[in-house]
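Q: Now for the letters of each chain:
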Amino acid sequence: MECVFGLVGDGFALVAADSSAVNSILVHKSNEDKIMILDSHKLLGASGEAGDRVQFTEYIQKNVHLYEFRNGIPLSTAAAANFTRGELAQALRKSPYSVNILLAGYDKDIGPSLYYIDYIATLHKVDKGAFGYGSFFSLSMMDRHYHSGMSLKEAVDLVDKCIVEIRTRLVVSPPNFVIKIVDKDGAREYAWRETIKDAEVPTA
Amino acid sequence: MSIFEYNGSAVVAMVGKNCFAIASDRRLGVNLQTIATDFQRIYKIHDKLYIGLSGLATDAQTLYQRLVFRHKLYQLREERDMKPETFASLVSALLYEKRFGPYFCQPVIAGLDDDDVPFICTMDCLGAKELAKDFVVSGTASESLYGVCESMYKPNMESEELFETISQALLSSVDRDCLSGWGGHVLLVTPTEVVERTLKGRMD
Numbered sequence: 001m002e003c004v005f006g007l008v009g010d011g012f013a014l015v016a017a018d019s020s021a022v023n024s025i026l027v028h029k030s031n032e033d034k035i036m037i038l039d040s041h042k043l044l045g046a047s048g049e050a051g052d053r054v055q056f057t058e059y060i061q062k063n064v065h066l067y068e069f070r071n072g073i074p075l076s077t078a079a080a081a082n083f084t085r086g087e088l089a090q091a092l093r094k095s096p097y098s099v100n101i102l103l104a105g106y107d108k109d110i111g112p113s114l115y116y117i118d119y120i121a122t123l124h125k126v127d128k129g130a131f132g133y134g135s136f137f138s139l140s141m142m143d144r145h146y147h148s149g150m151s152l153k154e155a156v157d158l159v160d161k162c163i164v165e166i167r168t169r170l171v172v173s174p175p176n177f178v179i180k181i182v183d184k185d186g187a188r189e190y191a192w193r194e195t196i197k198d199a200e201v202p203t204a
Numbered sequence: 001m002s003i004f005e006y007n008g009s010a011v012v013a014m015v016g017k018n019c020f021a022i023a024s025d026r027r028l029g030v031n032l033q034t035i036a037t038d039f040q041r042i043y044k045i046h047d048k049l050y051i052g053l054s055g056l057a058t059d060a061q062t063l064y065q066r067l068v069f070r071h072k073l074y075q076l077r078e079e080r081d082m083k084p085e086t087f088a089s090l091v092s093a094l095l096y097e098k099r100f101g102p103y104f105c106q107p108v109i110a111g112l113d114d115d116d117v118p119f120i121c122t123m124d125c126l127g128a129k130e131l132a133k134d135f136v137v138s139g140t141a142s143e144s145l146y147g148v149c150e151s152m153y154k155p156n157m158e159s160e161e162l163f164e165t166i167s168q169a170l171l172s173s174v175d176r177d178c179l180s181g182w183g184g185h186v187l188l189v190t191p192t193e194v195v196e197r198t199l200k201g202r203m204d
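Chains as they are written, first to last, in our numbering: chain B, 1 to 204; chain W, 1 to 204.
Fair warning: there could be bad hints in the mix.
[To be verified] Pairs of lysine-lysine, DSS-like flavour, derived with a Cα cap of 25 Å:
(1) 184(B) x 125(B)
(2) 200(W) x 125(B)
(3) 153(B) x 108(B)
(4) 98(W) x 94(B)
(5) 125(B) x 44(W)
Everything labelled a hint here was simulated from the structure, so no lab data went into it.
Given the sequences, and given the hints that come with them, work out the whole structure.
A: This is how it looks when you write it as structure tokens:
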């Protein structure tokens, strides 16, 4: 029951994702970070099969970094989105990745943008998007309350409304969510919304 | 649900007096959920040639990228734009190449040839061309579109009347199809200008 959703506000883009790693009926952990920071000004929120998700998003991240090392300038958000779609499309008829992606980024000349990329490589630039069973609730909440140019406070309130809706109405709803933001100052973690706290793993 | 009905689409093209019109709906869905209401299905190949791709959105995007690539190469070699008939043969060949693993798209091609005589054609997902003198349709709403176009079409309509006819045909057909709609996109092409208009229909 993975939930990923995101929206574009005034000069920023937000992506929220649940953080449970589940295998059949077992919850491995509840603080899994499913929103990867691609580079200084890009976020990649992914949902889908666990192995594919990690492998594919890491592959995209490394290739985005490689472009920046080779060419001295970072990829634009649109270029990164099209690259991601291309990789998914090439693999589609060979060995498809079951990963749904919301790619959020900030470009100096364009501002914030959000791209919806399906697991079958459908690409579309959107103002608000969502994947998973949670999308039935979060998309409807965003349809009701979203307007273009929302302030950060309004947007986070809307994200919280969506999370409350998912928690109330989805049968096996994930307990914890992570929210990440990307704006002119870069991509970073904004907040966690937790109802279950995992025990801290001692680092090696 | 068939793979052709996964995203939902409706595309229609009509011939007028020295002009043509090509129109599509704007919905992008995933089965019964609507993801976006501003999806672009009609693509420009050159000033006097347009292709509308209905069916699976990811294959429409891949096919469009391959066609633009082939047309740009053609332009470099031949130093001119492709004629619509030639382009239709190219699309047909590209589709038949994938005979045993096809692109799930039904293209609608509309263009003005060198003497500004309008040309329209459609084909199935395997590249079987269907040339028509009056109108061509494709997508999930194609059955409704056939009926409405047959009733409303008249030969040799001027551009404004053609625009009215194709708009009414599109809107009334998508109203009978739950998978397409959310407005319309109409392109009216004459030898001297291209007019692009967005239609507001029933938003459901």
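Q: Hint by hint, note whether the structure agrees.
A: Here's how the hints hold up against the structure:
A hinted pair counts as satisfied when its Cα atoms are at most 25 Å apart, and residue 184(B) with residue 125(B) qualifies at roughly 19 Å. The hinted pair formed by residue 200(W) and residue 125(B) meets the criterion: a straight-line CA distance of about 21 Å does not exceed 25 Å. For the proposed pair residue 153(B) and residue 108(B), the alpha carbon gap of about 22 Å is at most 25 Å, so the pair holds. For the suggested pair residue 98(W) and residue 94(B), the alpha carbons sit about 14 Å apart, so the restraint of at most 25 Å is met.
Proposed proximity of residue 125(B) and residue 44(W) is supported: the alpha carbons are some 19 Å apart, at most 25 Å.
Comparing the model with each earlier hint shows no violations; every hint is respected.
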